[in-house]
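**Student:** Sequence order for the protein chains is A and B.
Heads up, the first sequence is in our numbering, so the first residue is 1 and it goes up one at a time.
Heads up, the second sequence is in our numbering, so the first residue is 1 and it goes up one at a time.
Think of the hints as simulated: they come from the structure by calculation, not from any bench.
Check before you lean on any hint, since a few could be wrong.
Note: identical chains are not told apart, hence a pair may lie in one copy or across any two.
Derived BS3-like pairs (lysine-lysine); straight-line CA-CA distance at most 27 Å [unchecked claim]:
#1 Lys216 with Lys49
#2 Lys170 with Lys157
#3 Lys102 with Lys245
#4 Lys191 with Lys102
Number of protein chains: 2
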Amino acid sequence: MKLTILGCFSASPSKNSFPSAQILEIGGNNFLIDCGEGTQIQLRRCGIKLNSIEHIFISHLHGDHFFGLPGLISTFRLLGRSKPLNIYGPKGIKQAITLMLKLGDSWTNYELRFNELEDLKSIKLLENNKFSVYTIPLNHRIYTNGFLFKEKKNEKKLLVDIALKLKIDKTQFNGIKMGKDGVLSNGDIIKNSKLTEPKPNDIIYAYCSDTCYYPKIIDLINECDILYHESTFLDKHIELANRTKHSTAKQAAEIARLANVKKLILGHFSSRYNNLNDFQSQAQEVFNNVELASDGKVFYF
Amino acid sequence: MKLTILGCFSASPSKNSFPSAQILEIGGNNFLIDCGEGTQIQLRRCGIKLNSIEHIFISHLHGDHFFGLPGLISTFRLLGRSKPLNIYGPKGIKQAITLMLKLGDSWTNYELRFNELEDLKSIKLLENNKFSVYTIPLNHRIYTNGFLFKEKKNEKKLLVDIALKLKIDKTQFNGIKMGKDGVLSNGDIIKNSKLTEPKPNDIIYAYCSDTCYYPKIIDLINECDILYHESTFLDKHIELANRTKHSTAKQAAEIARLANVKKLILGHFSSRYNNLNDFQSQAQEVFNNVELASDGKVFYF
Chain A
1 MKLTILGCFS ASPSKNSFPS AQILEIGGNN FLIDCGEGTQ IQLRRCGIKL
51 NSIEHIFISH LHGDHFFGLP GLISTFRLLG RSKPLNIYGP KGIKQAITLM
101 LKLGDSWTNY ELRFNELEDL KSIKLLENNK FSVYTIPLNH RIYTNGFLFK
151 EKKNEKKLLV DIALKLKIDK TQFNGIKMGK DGVLSNGDII KNSKLTEPKP
201 NDIIYAYCSD TCYYPKIIDL INECDILYHE STFLDKHIEL ANRTKHSTAK
251 QAAEIARLAN VKKLILGHFS SRYNNLNDFQ SQAQEVFNNV ELASDGKVFY
301 F
Chain B
1 MKLTILGCFS ASPSKNSFPS AQILEIGGNN FLIDCGEGTQ IQLRRCGIKL
51 NSIEHIFISH LHGDHFFGLP GLISTFRLLG RSKPLNIYGP KGIKQAITLM
101 LKLGDSWTNY ELRFNELEDL KSIKLLENNK FSVYTIPLNH RIYTNGFLFK
151 EKKNEKKLLV DIALKLKIDK TQFNGIKMGK DGVLSNGDII KNSKLTEPKP
201 NDIIYAYCSD TCYYPKIIDL INECDILYHE STFLDKHIEL ANRTKHSTAK
251 QAAEIARLAN VKKLILGHFS SRYNNLNDFQ SQAQEVFNNV ELASDGKVFY
301 F
């Protein structure tokens, strides 16, 4: 997977910081997660082809997570898009987008497929043989979902040196990766287990923004590879975090620790802080493997 | 007047160009004219205090002229605004903004005063002793208004040297500027016309975007100081201009010539052109005093 942070600040876009939006790439598919104002500017700055986006996931209907969507949809139209666009987001998103387009008499020349969400339990949004996507119900001031992305690892790793030494024909390699035994030119069978390493685990990315400290999500995100968790505030503003149903850096780290995730990425920083280093140090009091998001930063995992 | 171009490109924001938005300052009042996506970013880059904006004028409901408005309104709320905000725009704008805020349960803590426009003739939107604002009905694919701003010059220019020579008391100066005669210490009257130059003309700025070539506006904008006129296309795309109800640079210049304006500013450039110099040269075949808008550029007049 490749994660590109387009914007990782709370509230409003400013001169040098953008609100929530990110691109997750899984096997050539670019998923857009949230779409704050200016997302299309950031997509261009980060060199992401707009036409590569087929699925957009909106966590909730606060402006800093979806006010960039009407503009992006309009731009797709201007670029001559013909393939459908799938939008997953809270109930109401269809009415909002439809009204904004209708007022400008600007219907799209491609299909908009809205998938409006109301469920309070995790549901599967999308699945094929390469990946699956699920909601992570969060606890914020309005109805909000995070999203869990699984990249399926269907292929075993071929032990190429052994296969070549045994003179197994290369045409068999794909079949062996999928679990077949090898066949020598004399007809002898080589067991698959001697030619491959076990199938690696699926790679799992969990996006959790916006939410207060909410341990109910732990079962869903348990042992995921990467957890992106909002941390709007530092410790000294914990009262404000409670009141606005946001999290502190330390609370995000506590979720990461309890869920035993491999790595935590912090984001959704309040613009009141000039120095973000304290987010990392406060989180690391609880959980060690912490990185801070920043606009334009790319993570590979 | 001081005009700051925040964005002057058509269609969608890109890495380095923003859609329509500009700030016109008249005597300390900042008027925001159109509000494409990213306007709040540009306001900050141009050092304009957000709280100084009390009136927003939206020409029409295509995204590149108003998709920045919901975000700006939300940011005003986050900044703790308490004074009312006046929004002038086509019918439907209230429903759109209200819905976007309602979905996020994000009511403003200040008053939003919507002035929805439906008139097909020019109407007065605003007037006080310093300025007045009128609509300029345009001809585009959907209902569209330009806006005419008049800065009133209420004071005559005092001939200070003469007044001082005559030993007229300085406490009379403001009255003389407003038209009163001067009084000497011996009671003699000095006629106002001997102490002042005639009142200068009002300064007039006309904003015309988006529109096809539409000579009906000429009476309204006649002899204005500055005309900002859209010029989405160059000559070679005149068919496209006709079909989409936009103007070419030469058509904008023809309007400027017929209306005998002092200066023409071209803007709303299609992003298909890498070099904008042709806009100026094609316009200057018809009308000489032409400047090109660019994002961040400031004009004083």
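**Student:** Which numbered hints are broken by the structure, listed smallest first?
**Tutor:** 1, 4
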